[in-house]
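Asks: Kindly produce the complete structure, drawing on both the sequences and the hints.
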Amino acid sequence: MKTSESINRRAFLQLTGSTGAMLVLGFSLTDCKGKEAQAASQLTNLSEDAITGRELNPFIIINSDGKIILMAHKPEMGQGTWQSMPLIIAEELEVTLDQVQIRMAKVEKKYGDMSVGGSYSVRGSWMDLRKAGAAAREMLTQAAANTWKVPVSECYAKEAKVYHKPSNKSLPYGELVEEAAKLQVPKEPKLKDPKDFKLVGQKIARPDIPLKVNGTAQFGIDVKVPGMLYVSVLRSPVFHGTVKNIDDTETKKIAGVKQVIQAERKLNNHKLYGIAVLADNYWAALQGKKALKVEWNTKDVDKVNTDQQYTQLRELTKTEGVTARKEGDFAAGFAKASKKVEAIYELPFAAHAPMEPQNCVAWVQGNKIDIWAPTQIPDSAKKELAEYLKIPEENITLNITFLGGGFGRRLFADAIMEAAYISKQANAPVKVVWTREDDMTGGPFRPGTVSSFKGGLDASGKVIALQHKVVAPSIMDNMFGSKDPKQRQDDGAMEGIKESSYEIPNISYQNIFAETTLPIGWWRAVYSTTTAFAHECFIDELAHTAKKDPLDFRIGMIQKNLRMKSLYTFLRDKSGWDKPLPKGWGKGVAAWEFFAGRAGHVVFVSKKPTGGLQIEKIVVAIDCGTAVNPDNVKSQVEGATVMALMAALRDSITFKDGVPQQTNFDNYRMMRMSEIPSIEVHLVPSVEKPDGVGEPGLPPLAPALANAVFAATGKRIRKLPFDLDTV
Numbered sequence: 001m002k003t004s005e006s007i008n009r010r011a012f013l014q015l016t017g018s019t020g021a022m023l024v025l026g027f028s029l030t031d032c033k034g035k036e037a038q039a040a041s042q043l044t045n046l047s048e049d050a051i052t053g054r055e056l057n058p059f060i061i062i063n064s065d066g067k068i069i070l071m072a073h074k075p076e077m078g079q080g081t082w083q084s085m086p087l088i089i090a091e092e093l094e095v096t097l098d099q100v101q102i103r104m105a106k107v108e109k110k111y112g113d114m115s116v117g118g119s120y121s122v123r124g125s126w127m128d129l130r131k132a133g134a135a136a137r138e139m140l141t142q143a144a145a146n147t148w149k150v151p152v153s154e155c156y157a158k159e160a161k162v163y164h165k166p167s168n169k170s171l172p173y174g175e176l177v178e179e180a181a182k183l184q185v186p187k188e189p190k191l192k193d194p195k196d197f198k199l200v201g202q203k204i205a206r207p208d209i210p211l212k213v214n215g216t217a218q219f220g221i222d223v224k225v226p227g228m229l230y231v232s233v234l235r236s237p238v239f240h241g242t243v244k245n246i247d248d249t250e251t252k253k254i255a256g257v258k259q260v261i262q263a264e265r266k267l268n269n270h271k272l273y274g275i276a277v278l279a280d281n282y283w284a285a286l287q288g289k290k291a292l293k294v295e296w297n298t299k300d301v302d303k304v305n306t307d308q309q310y311t312q313l314r315e316l317t318k319t320e321g322v323t324a325r326k327e328g329d330f331a332a333g334f335a336k337a338s339k340k341v342e343a344i345y346e347l348p349f350a351a352h353a354p355m356e357p358q359n360c361v362a363w364v365q366g367n368k369i370d371i372w373a374p375t376q377i378p379d380s381a382k383k384e385l386a387e388y389l390k391i392p393e394e395n396i397t398l399n400i401t402f403l404g405g406g407f408g409r410r411l412f413a414d415a416i417m418e419a420a421y422i423s424k425q426a427n428a429p430v431k432v433v434w435t436r437e438d439d440m441t442g443g444p445f446r447p448g449t450v451s452s453f454k455g456g457l458d459a460s461g462k463v464i465a466l467q468h469k470v471v472a473p474s475i476m477d478n479m480f481g482s483k484d485p486k487q488r489q490d491d492g493a494m495e496g497i498k499e500s501s502y503e504i505p506n507i508s509y510q511n512i513f514a515e516t517t518l519p520i521g522w523w524r525a526v527y528s529t530t531t532a533f534a535h536e537c538f539i540d541e542l543a544h545t546a547k548k549d550p551l552d553f554r555i556g557m558i559q560k561n562l563r564m565k566s567l568y569t570f571l572r573d574k575s576g577w578d579k580p581l582p583k584g585w586g587k588g589v590a591a592w593e594f595f596a597g598r599a600g601h602v603v604f605v606s607k608k609p610t611g612g613l614q615i616e617k618i619v620v621a622i623d624c625g626t627a628v629n630p631d632n633v634k635s636q637v638e639g640a641t642v643m644a645l646m647a648a649l650r651d652s653i654t655f656k657d658g659v660p661q662q663t664n665f666d667n668y669r670m671m672r673m674s675e676i677p678s679i680e681v682h683l684v685p686s687v688e689k690p691d692g693v694g695e696p697g698l699p700p701l702a703p704a705l706a707n708a709v710f711a712a713t714g715k716r717i718r719k720l721p722f723d724l725d726t727v
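For the sequence shown, our numbering begins at 1 and goes up steadily by one.
Think of the hints as simulated: they come from the structure by calculation, not from any bench. All the given hints hold, so there is nothing to weed out.
Below, computed lysine-lysine pairings styled on PhoX-like, alpha-carbon distance capped at 20 Å: (1) Lys390 to Lys368; (2) Lys326 to Lys336; (3) Lys212 to Lys224; (4) Lys368 to Lys383; (5) Lys368 to Lys224; (6) Lys244 to Lys299; (7) Lys462 to Lys339; (8) Lys109 to Lys390; (9) Lys203 to Lys689; (10) Lys192 to Lys689; (11) Lys548 to Lys715; (12) Lys715 to Lys607; (13) Lys67 to Lys161; (14) Lys383 to Lys424; (15) Lys607 to Lys583; (16) Lys547 to Lys454; (17) Lys190 to Lys158; (18) Lys548 to Lys462; (19) Lys318 to Lys719; (20) Lys340 to Lys318; (21) Lys462 to Lys340; (22) Lys299 to Lys271; (23) Lys244 to Lys293; (24) Lys689 to Lys565; (25) Lys656 to Lys303; (26) Lys424 to Lys368; (27) Lys149 to Lys165; (28) Lys390 to Lys424.
Just so you know, these numbers come straight off a predicted model, no measurement behind them.
Replies: Shown next as structure tokens:
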């Protein structure tokens with residue numbers, strides 16, 4: 001998901017604890033424009049008395065007994081924010097992670113945007129968290145200087161203590177907090193020189209991993225509250241279908257079943273309906289759902305068929321769209337080209353398929369709501385829920401748990417809305433758990449796209465004209481409806497294309513709106529997961545037509561964007577691009593820069609003796625600026641690469657008469673560990689501010705793989721997914 005966020009206020013909070021001295025500091029981060037606990041002790045098994053007397057939980061809490069608590073204000077879904085956010089603070093605060101306790105912050109407005117998406121967590125919070133840590137360090141240092149009656153210039157902080165240089169005496173932070181709390185918070189604290197970083201840039205173990213290994217980490221699906229009823233929901237197999245008739249006779253005979261009621265799932269501007277079975281255990285609820293006999297009203301509902309859908313998308317390529325970028329005169333440039341290339345690329349719909357299916361525990365008690373949920377958007381979900389049930393936002397307590405994967409699926413609050421609706425009707429706390437089939441078929445899906453190209457080269461092989469038309473459903477229109485019906489296209493569909501670093505004199509990049517009634521939404525790296533494949537493969541087609549090395553060809557088209565030029569050069573070196581290949585091998589390259597950052601892949605394939613191809617090695621280069629934790633960067637890039645492999649080589653989501661045909665991991669297959677090829681991840685050395693990590697490693701993989709297939713076989717792949725055994 002692309003987020004647009006600008007920091008326009010930085011306020012510090014200085015509070016005094018009601019049960020002893022406590023220094024509390026926090027920067028207020030602005031709300032994201034557009035898209036962008038039970039208590040925290042359930043996540044950490046730490047006692048609540050560590051923050052007794054505090055309802056508002058800022059980023060830094062230091063008690064007079066020496067306990068230091070750092071608040072993680074971004075949900076943890078495997079991407080590492082439960083470490084990276086506190087680590088940034090700890091760097092400036094001059095403490096090590098083993099000297100602090102990390103708590104998941106409750107959903108409070110003072111934290112600003114608490115959402116995770118768009119690879120924005122570190123790059124969006126970097127400066128504010130550094131300033132929070134630096135301000136606390138300066139106040140503690142000043143407090144020590146005041147205590148010793150010495151110049152503050154003679155004092156320095158290190159490992160949760162302040163030292164006096166001439167005498168080498170020291171005081172721990174806990175003994176300084178009372179004096180520090182009386183001081184004015186510095187508005188512009190001095191930040192450390194990056195060369196002095198002790199934590200940032202180091203390979204430091206993530207503190208959430210032991211919790212996940214030993215089973216003490218609490219995910220949404222683990223939550224239990226007293227008197228809770230388990231819920232399984234039967235939903236219309238065709239989107240937007242409604243209940244016509246229901247026979248729940250057999251359902252009510254099942255031991256443990258308590259109620260059968262209508263369910264409503266609010267998915268942005270849409271309401272989707274089903275029948276909820278409530279029971280005192282999940283098995284009973286699930287069996288009760290299977291026993292239901294429901295007749296659905298789908299008379300006036302669009303029953304989508306994949307083949308017809310893509311026929312329509314291909315037809316739309318013949319029309320004109322909204323121009324996202326125009327330079328020179330494409331028609332004139334194309335007309336005078338010595339060589340011309342045309343192609344159409346097709347990319348499928350896809351499911352998010354996180355390992356933890358959707359779930360939520362909700363307890364609506366009159367004008368008060370308690371929610372426990374694995375969500376990527378805790379603050380906006382709270383706001384949406386308040387509007388949905390017409391309850392004051394301050395009456396809602398939303399507790400964040402660990403997330404078993406997100407990939408954009410948990411940027412939608414529909415599971416929370418559904419659970420709250422059911423709890424209100426049942427007048428009881430409920431735990432709604434989706435089955436794998438519910439999760440796979442319930443949407444929203446990554447939208448499929450079709451890309452149409454025309455490219456022209458002059459006699460020397462230089463690209464002089466390029467047209468790229470992206471035909472795509474609009475996520476924003478599908479979710480919220482367009483304010484201007486004449487402008488329903490999604491600007492996000494052109495991400496990475498309109499900002500392309502390739503310098504071509506005559507270009508025309510257009511977006512053509514395609515209608516769909518299917519629920520669609522952001523998927524890891526959003527539209528770039530489809531359009532990057534098309535764009536980078538077509539660039540390869542142009543390189544082949546020009547009879548030039550595909551890596552040289554790309555570098556030759558970049559003069560101004562030095563980071564992308566350097567990325568390609570770095571990738572060339574790390575991949576050994578110029579070394580001769582064994583017989584039967586092929587190599588392909590692709591790179592992509594978009595809202596989340598920039599990365600590139602080189603893929604090596606070889607012909608198998610029995611036919612088909614196998615992937616020998618994947619080399620990835622990412623320029624993410626300053627890496628907070630290099631190990632975590634590599635892990636995320638590896639994960640993105642594997643997810644891209646799955647989308648390229650496994651299964652797509654298809655529809656027949658409006659019904660999704662892929663329902664579980666037997667026909668929407670994941671990559672198995674034994675199938676993963678060697679993946680090398682290299683970080684471009686950088687002192688730039690942090691950039692995105694979670695998504696940039698996904699878009700370039702598929703085109704690099706397809707380009708390698710062409711190099712090895714001469715067969716051009718223009719449609720995903722495909723089978724390596726049959727190319």
